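S.K.: Residue numbers (UniProt numbering), protein chains in the order written: chain A, 1 to 105; chain B, 1 to 105.
Quick caveat, the hints were computed from the structure, so don't treat them as lab data. Quick caveat, the model's predicted, so the values are computed rather than measured. Please note: incorrect hints may appear among the correct ones.
The list makes no distinction among identical chains, and a pair is therefore deemed to hold if it is satisfied within one copy or across any two copies.
Said to hold, decoys possible - Here are the simulated SDA-like pairs of lysine to any residue, each with C-alpha atoms no more than 25 Å apart in a straight line:
(1) 51 with 81
(2) 88 with 16
(3) 7 with 46
(4) 21 with 62
(5) 7 with 48
(6) 88 with 49
(7) 58 with 103
(8) 51 with 33
2 protein chains.
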Amino acid sequence: MNFEEFKNCGLRRSLDILSGKWKPLILSCLFEEDKVRFVELWRQMPRVSKKVLSEQLKQLEENDIIQRIEVYNFPPEVYYTLTDRARKLGPILNALHNWGNDLNP
Amino acid sequence: MNFEEFKNCGLRRSLDILSGKWKPLILSCLFEEDKVRFVELWRQMPRVSKKVLSEQLKQLEENDIIQRIEVYNFPPEVYYTLTDRARKLGPILNALHNWGNDLNP
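So that you can see chain A by itself, here it is in the shape it has in the complex:
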């Protein structure tokens, strides 16, 4: 395998997108609640700064996993929701979650 093939390997790309300290938790929240406001999401995370959470959300947005929706109310509201591409991950992440739960502590 050369470096180009390595970069394009599907498994490598998937894991690269999903890896990040808070990403599993962000995804769990969004699969549970459909659309979530930034502050709600932040409250569900233990010990994470708003700056770090924003960065992880931005990476997920760039990878077309979540969508940022601005609603021009007063005050304006920002929601996050999963993209169609991410929804296809549902059963896979569920299986990974169960596999992880079967591990010894």
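Since the structure of chain A is provided, determine the placement of chain B on it from the hints.
M.R.: Quick look at chain B alone, frame taken from chain A:
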């Protein structure tokens, strides 16, 4: 969710185990070939030092994903193979691989 629950979240634990630059490729090789010698594995990786490869293998071994088998021939041989726990990941990693391949380049 408190920090203890976060640490024990199955999805977080799974992704934590699988995340690592060379781990997807190591797993792909081992799912293809059943048991592989260190040098064979190393030759299949592009641009990785033996030191880094050893470290990633050691982490996978500590997480009970791969098993290191020493055969006391002369010269002695070292093989790596997947554990039963890892084999259960087969269909999941396959689905992740396909999902990753469907992404735009």
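S.K.: Against each hint, give a clear statement of whether it holds in the structure.
M.R.: Hints versus structure:
Within a single copy, residue 51 and residue 81 get their C-alpha atoms as close as 19 Å, which meets the 25 Å cut-off; across copies the closest is 41 Å, which misses it. Taking the closest pair of Cα atoms, residue 88 and residue 16 come within 25 Å of each other both inside a single copy (17 Å) and across two copies (21 Å). Proximity of residue 7 to residue 46 under the C-alpha cut-off of 25 Å is restricted to the inter-copy arrangement: shortest distance 10 Å between copies versus 33 Å within a copy. Taking the shortest Cα distances, residue 21 and residue 62 sit within 25 Å of each other both inside one copy (17 Å) and across copies (20 Å).
In this homomeric assembly, residue 7 and residue 48 come within 25 Å of each other (Cα to Cα) only across copies, at 13 Å, whereas the closest approach inside a single copy is 30 Å. Within a single copy, residue 88 and residue 49 get their C-alpha atoms no closer than 29 Å, and across copies no closer than 36 Å, so neither meets the 25 Å cut-off. Taking identical chains as interchangeable, the C-alpha atoms of residue 58 and residue 103 lie at most 25 Å apart only when they sit on different chains, with a minimum of 18 Å there against 31 Å within one chain. Within a single copy, residue 51 and residue 33 get their C-alpha atoms as close as 22 Å, which meets the 25 Å cut-off; across copies the closest is 44 Å, which misses it.
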